[in-house]
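Participant: If you want the building blocks of each chain, they are given just below.
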Amino acid sequence: MANTPAPHGHSSAHRKHTNPVLVFGILTIATVFEVVVTLFHLPQNVIVPILLAIAFVKAGLVAAYYMHLRYEKWIYTAIFITPALFAAFLIFTLAV
Amino acid sequence: MNQTTVAPRPISAEAAHANENRKFGMWLFLSSELLIFAGLIGAFVLTRRNAFQNGLEWWEPNAFSLALVSVNTFILLASSLMVVLGIEAIRVDAQRKLQRYLILTAILGAMFLGGQAIEYSLLIFEEGHSFADPFGTAFFTLTGIHGLHVFVGVLWCLMTLLVARRGTFSSYNYTTVEIFGLYWHFVDLIWVIIFTVVYLTN
Chain A
1 MANTPAPHGH
11 SSAHRKHTNP
21 VLVFGILTIA
31 TVFEVVVTLF
41 HLPQNVIVPI
51 LLAIAFVKAG
61 LVAAYYMHLR
71 YEKWIYTAIF
81 ITPALFAAFL
91 IFTLAV
Chain B
1001 MNQTTVAPRP
1011 ISAEAAHANE
1021 NRKFGMWLFL
1031 SSELLIFAGL
1041 IGAFVLTRRN
1051 AFQNGLEWWE
1061 PNAFSLALVS
1071 VNTFILLASS
1081 LMVVLGIEAI
1091 RVDAQRKLQR
1101 YLILTAILGA
1111 MFLGGQAIEY
1121 SLLIFEEGHS
1131 FADPFGTAFF
1141 TLTGIHGLHV
1151 FVGVLWCLMT
1161 LLVARRGTFS
1171 SYNYTTVEIF
1181 GLYWHFVDLI
1191 WVIIFTVVYL
1201 TN
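Order-wise, the sequence lines are chains A and B. The first sequence begins at 1 in my numbering and counts up by one. The second sequence begins at 1001 in my numbering and counts up by one.
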């Protein structure tokens, strides 16, 4: 009984999830990498796209594995990805 | 590792349907929040660009403030991990584990707010920034609204903890925890972007 997945109203519960500690490790390493990269004082037009790309990948990992979008119904992904793409485009265009 | 004394009971089809609707509503809410933060981050970037173009004073994080905010980022990422582990615990009816993870989440959230308070006090009292200068306006608005979200998240976490202590949640009924988790992870996701845009791409 203890390991019985919830059968009602939890579509994400039926699939085995990626180890969250592994995702946390990747997020931490990526954050450390971001901070270290800034110490090299690379040109802005080089460093900003790199840092933003890493940040968007990190945000994607949080959405996919912590918010379980990877295992949820497609409609949740559609609802969230639409403004997310707009937001990413806006931030990238303004910051780079 | 079953810690419940009463076997969890399946919920009705109506309740399951209501849970799906609540999650759907939460995703809609988060989508609108995403656009709000996109606007705020965009405003910050534009204000910074305008300051540089017009030779106005701007702020550059020193080693201490970069270290402080990096630790704060780590704290928020760790708090998200606690929420995920809490949800995994309740999926196997480990009620005590869920409560422990919620307590850790609230503590880490409060630590993040403490770090932000230290940062604000340094900026205001040592560096003399305020809402009167362009940097202060953009910075305090963006990070302040995010901090407000973290504060609401900590309160929400404590309320979820109170409900969890009554033994309400089980492997059949944990949508309330999931919805809180969605909010908390969203706050974390937004911080990942703010951290890069505000502190690293200066």
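The hints are simulated quantities; they were obtained by calculation from the structure and are not laboratory data. Predicted model only: the values in this text are computed from it and were never measured. Be careful, since some hints might not be right.
Label-pair ranges, simulated between beta-carbon atoms [said to hold, decoys possible]:
#1 A:Thr82 - B:Ile1103: 31 to 41 Å
#2 B:Leu1122 - A:Pro49: 24 to 34 Å
#3 B:Ser1121 - A:Val36: 26 to 36 Å
#4 A:Ile81 - B:Arg1022: 40 to 50 Å
#5 B:Leu1035 - A:Pro43: 38 to 48 Å
#6 A:Asn45 - B:Met1159: 22 to 32 Å
#7 B:Leu1122 - A:Val21: 11 to 21 Å
#8 A:Val46 - B:Glu1060: 15 to 25 Å
#9 B:Thr1141 - A:Val36: 39 to 49 Å
#10 B:Leu1158 - A:Ile26: 46 to 56 Å
#11 A:Trp74 - B:Phe1125: 21 to 31 Å
Derived DMTMM-like pairs: lysine to aspartate or glutamate, alpha-carbon spacing no greater than 20 Å straight-line [said to hold, decoys possible]:
#12 A:Lys73 - B:Glu1127
#13 A:Lys73 - B:Glu1020
#14 A:Lys73 - B:Glu1060
Heads up, the beta-carbon is just placed ideally off N, CA and C, and yes, glycines get one too.
Participant: Does each hint fit the structure? Answer for all of them.
Facilitator: The hints, checked one at a time:
1. A:Thr82 - B:Ile1103: 31 to 41 Å: Holds, at about 36 Å.
2. B:Leu1122 - A:Pro49: 24 to 34 Å: Given a distance of about 30 Å, which is inside 24 to 34 Å, the answer is holds.
3. B:Ser1121 - A:Val36: 26 to 36 Å: The hinted range 26 to 36 Å holds for Ser1121 (chain B) and Val36 (chain A), with Cβ atoms some 28 Å apart.
4. A:Ile81 - B:Arg1022: 40 to 50 Å: 20 Å, violated
5. B:Leu1035 - A:Pro43: 38 to 48 Å: For Leu1035 (chain B) and Pro43 (chain A) the Cβ distance comes to about 31 Å; the hint is violated.
6. A:Asn45 - B:Met1159: 22 to 32 Å: 47 Å Cβ-Cβ, so the 22 to 32 Å window is violated.
7. B:Leu1122 - A:Val21: 11 to 21 Å: Given range 11 to 21 Å: violated, Cβ gap about 33 Å.
8. A:Val46 - B:Glu1060: 15 to 25 Å: 18 Å, holds
9. B:Thr1141 - A:Val36: 39 to 49 Å: This hint is violated: roughly 29 Å between Cβ atoms.
10. B:Leu1158 - A:Ile26: 46 to 56 Å: About 29 Å separates the Cβ atoms of Leu1158 (chain B) and Ile26 (chain A), which means 46 to 56 Å is violated.
11. A:Trp74 - B:Phe1125: 21 to 31 Å: Violated, since Trp74 (chain A) and Phe1125 (chain B) (Cβ atoms, about 50 Å apart) do not stay within the stated range.
12. A:Lys73 - B:Glu1127: 48 Å, violated
13. A:Lys73 - B:Glu1020: 10 Å, holds
14. A:Lys73 - B:Glu1060: It is violated: about 43 Å lies between the C-alpha atoms, which goes past 20 Å.
The earlier numbered hints that this structure contradicts are 4, 5, 6, 7, 9, 10, 11, 12, 14.
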